[in-house]
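Here is how the chains run, residue by residue.
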Amino acid sequence: MVEKAAKINNQQSNLSLPYIKTGRHYLEGSEACIEGALLAGMKVYAGYPITPASEIMEHASRRLPQFGGRFIQMEDEISAVCTLVGASWAGAKAMTATSSPGFSLMQETISFSIMTETPLVIVDVQRPGPGQGYITTSQEDVMQARYGHHGEGPIIALAPSSVQDMFNLTIEAFNLSEKWRTPVLIMTEETVAHLREQLIVPDLNTIEITKRKKPQDLEIPPEAYLPYGHDLVPPMANFGEGYNINHVGLVHSEDGNVSNYSLKVHLENIERLHQKIEKNVNEISRIEFQFLDDCDHLLVCYGSVARTSLEAVKELRSMHGIKIGFIRLVTLWPFPEEKLRSLISKVKSVFVPEMNMGMIKHPITEALRDRCDQVISMPEIGALHSPEKLIEQIVKRASC
Amino acid sequence: MKIDRLEIRIAGFGGQGVVTMGRVLGVAFTIHEGINSVNTHSYGPESRGGSCRSEVVVSQGEIHYPSVRKADILVALSQVALNMYHQDLKADGILLIDPNSVKDVPDDHVCYEVPAMAIASSIGDVKYQNSVVLGALAALLKSKIKKESLRLAVSKNVPPGTIESNLAAFEQGWTHIMKADMIIAKCDKG
Amino acid sequence: MLKHPMLKYIREDGPAGKRLPFILCPGCGAGQVLNYTLQAVDDIINKSGAKKEDFVFISGIGCSSRLTSHYLNFDSGWTLHGRAIPIATGVLLANPDLKVIVFTGDGDAAAIGGNHFIHAFRRNINITVICVNNGLYGMTGGQVAPTTQPFSITPTTPYGNIEDQFDLCKLAETAGATYVSRWTTAHPMQAIKAIKKGIANKGASFIEILSQCPVHEHKTPVEMIKSLKERTDSIDKSKNSGKIPIGEFYYSPRPEWTDRYEAIIEKCIERTL
Chain A
1 MVEKAAKINN QQSNLSLPYI KTGRHYLEGS EACIEGALLA GMKVYAGYPI
51 TPASEIMEHA SRRLPQFGGR FIQMEDEISA VCTLVGASWA GAKAMTATSS
101 PGFSLMQETI SFSIMTETPL VIVDVQRPGP GQGYITTSQE DVMQARYGHH
151 GEGPIIALAP SSVQDMFNLT IEAFNLSEKW RTPVLIMTEE TVAHLREQLI
201 VPDLNTIEIT KRKKPQDLEI PPEAYLPYGH DLVPPMANFG EGYNINHVGL
251 VHSEDGNVSN YSLKVHLENI ERLHQKIEKN VNEISRIEFQ FLDDCDHLLV
301 CYGSVARTSL EAVKELRSMH GIKIGFIRLV TLWPFPEEKL RSLISKVKSV
351 FVPEMNMGMI KHPITEALRD RCDQVISMPE IGALHSPEKL IEQIVKRASC
Chain B
1 MKIDRLEIRI AGFGGQGVVT MGRVLGVAFT IHEGINSVNT HSYGPESRGG
51 SCRSEVVVSQ GEIHYPSVRK ADILVALSQV ALNMYHQDLK ADGILLIDPN
101 SVKDVPDDHV CYEVPAMAIA SSIGDVKYQN SVVLGALAAL LKSKIKKESL
151 RLAVSKNVPP GTIESNLAAF EQGWTHIMKA DMIIAKCDKG
Chain C
1 MLKHPMLKYI REDGPAGKRL PFILCPGCGA GQVLNYTLQA VDDIINKSGA
51 KKEDFVFISG IGCSSRLTSH YLNFDSGWTL HGRAIPIATG VLLANPDLKV
101 IVFTGDGDAA AIGGNHFIHA FRRNINITVI CVNNGLYGMT GGQVAPTTQP
151 FSITPTTPYG NIEDQFDLCK LAETAGATYV SRWTTAHPMQ AIKAIKKGIA
201 NKGASFIEIL SQCPVHEHKT PVEMIKSLKE RTDSIDKSKN SGKIPIGEFY
251 YSPRPEWTDR YEAIIEKCIE RTL
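Those protein sequences? They're chains A, B and C, same order as listed. As numbered in the working numbering, residues 1 to 400 make up the first sequence, in order. As numbered in the working numbering, residues 1 to 190 make up the second sequence, in order. As numbered in the working numbering, residues 1 to 273 make up the third sequence, in order.
In isolation and in its complexed conformation, chain A is listed as follows (with noise of 0.2 Å):
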């Protein structure tokens, strides 16, 4: 029996889809991001070609109206991202991957969607810039990530690490727009998209997945519903439910009026929207850790540069008798500060080995502040730091 797919709703309890099965696979790390995608409800993808982010969108193209959901290959990266924000109004979860150039045609969009507080996932597998620079690895855009996007509103970025991730943090990713109504990043890197390794799927039944909050769900009616209110996550309708809901990029009040501006109203939306995610930073952000109880140095990394930074300091510890603790960071932003400065009291140096010149060593410079003695910036442009490297330079600067 075929089933037409007439109305994707966000609907996520039909096991007979033709999902990922339970166990052991091997695939590379873009693969696996469309898997966790595809468990935790997308139903649009709308992508744009560009090395090193086609693979995924190829996969959708695959994979998608399997599930009985829609794909496209839009005229743009501008379009494709524009077609989530349509189809997220409409009910589907929806998402696009592209690099680092075709993330920054994304970013008036981004900031739309801040703005309309329209879940959806953006995929970055970052390459060198600046222009189309190279196709390799980097780690370039973690501030663009964070302030890219013009104007205020802050904005959630998580860093997978391995394919495990790819699978696992996407699934995350889309969990937390759902959540928070909010774009959410997907900052990996050519590296991780292009890795194959084991990826082990667990028991489809224990993966939650979470569901936009809907005026329904709250017994508003149409007529006393606020799209920009009642709750600091607004609870979002969907089109064709009968809610009339009008979304507006300008500056609103909670009844998305947009004609009684005044700077008050101003600043209650602003804040609102910054409240959202900086006030829930600790059950939003994750931090990674070990050896930390009795570290005299610290290593804060992210991405596939945490591959090479375990490696290391595992090393390091065993084989130099350097007491050196570790931190990965899950999510980039919003930036865990407290997290981080509740796990370190004091500690001499913080290594920070990134791909690129030195960019989320500032706020871990401004979160360590007064917890340590310097934060020495380790930058790798177009490839991967190595282990030798890492260990080579951390020896040398722990022991002045």
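These are computed hints drawn from the structure, not numbers from a lab. Hints may be right or wrong, so weigh each one.
Unchecked claim - Capping the alpha-carbon separation at 20 Å, the derived lysine-lysine pairs in PhoX-like fashion look like this: (1) Lys-156(B) / Lys-21(A); (2) Lys-52(C) / Lys-8(C); (3) Lys-179(A) / Lys-213(A); (4) Lys-314(A) / Lys-70(B); (5) Lys-264(A) / Lys-18(C); (6) Lys-70(B) / Lys-389(A); (7) Lys-90(B) / Lys-389(A); (8) Lys-47(C) / Lys-99(C).
Fit chains B and C to the known structure of chain A by using the hints.
Below, chains B and C without anything else, positioned relative to chain A:
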């Protein structure tokens, strides 16, 4: 035999199936033997002729750093590849080359030869050379992975209609190395 | 007191205060286009049994695009400059049963939105694009647009416009729209009929409404509406008179995008069952 961290690097030029070889090797370890492996590859922008490298890191423990630090096995299918990667081979590492494309071989490592292109051509097409190499690798790695796991991986990862030829190529690669194992193979020039 | 019949579809006020009067200048043609569109939609709801909640209005940025903003008592989105069309496309990808109407202007659709304009028509995705064409960028002060008459003096062509104009209907038709028509704000009944036909067309419809901007043209609305009548002719008559042709240029349905994709979904689901 517990695998702590086994590092295999395959390098050549585009079109030789270097990327496929790495992937199939990874599938063999992870899917058919159940041991975690990480497979990465990098290549120049040209589809054919540019340099190309594929790596497989295998471990029964966690694999952090995803690339080769010091290879246990280097498969060099071009002179350029050997020149570039030979210094990253462990002192007791093994070199595997195609003697028809790699002539200049330093004598500081144990070196096996498999004329992969020639064998593949004799089966019907030079494109089967990657299965020849995989057969040779199966022999070199026989203490770490069952021949059948690699064979199965090959059969499941080649285009339909070519399974028989690829398996024949695999078998020849295997046999070639097994015969050579009878003698300690140390390559000398020429 | 008599109330305009289409006010039933307008949010006059809300908890945060009044929303009317409309921001549009007195005599602006965009208001007429809203009226014609709502009359068309009202007719469809009453006669064909379509539900009000099936209608979605998406607009870009500009005077034309203010027709959504916070005025409509419908599902709507007042979006980005030039991007109403891809956002509308996204709405359909999520729910192809919705009736999506796009309000756009000549600058919004044909300058910044030009790329999306032609691709949506090429795809024949089921949207109805209503373009309020006043031949300039009204909201920002009357600058030259891709539809401005040659030699015009505008804030950015102080020495006269040296460029030629797009014929938006020809552009839409060439790109692949399956229903293309042009009317003016001076032709209410025809415009309403055209909008109805556009909505009913299962495919990409383009309705251009030539409109007056009295403020930037420095003319009275009455003068301009008269001029719209005088400068236009039916398609047949215009061949001799050289006036701007108005009417239905093209109507030839062909398989619509979501219908074509539906066939892919059915095949895929069959295969995996």
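- prompt: Against which earlier hints does the structure fall short, listed by number upward?
  reply: Every hint satisfied by this model.
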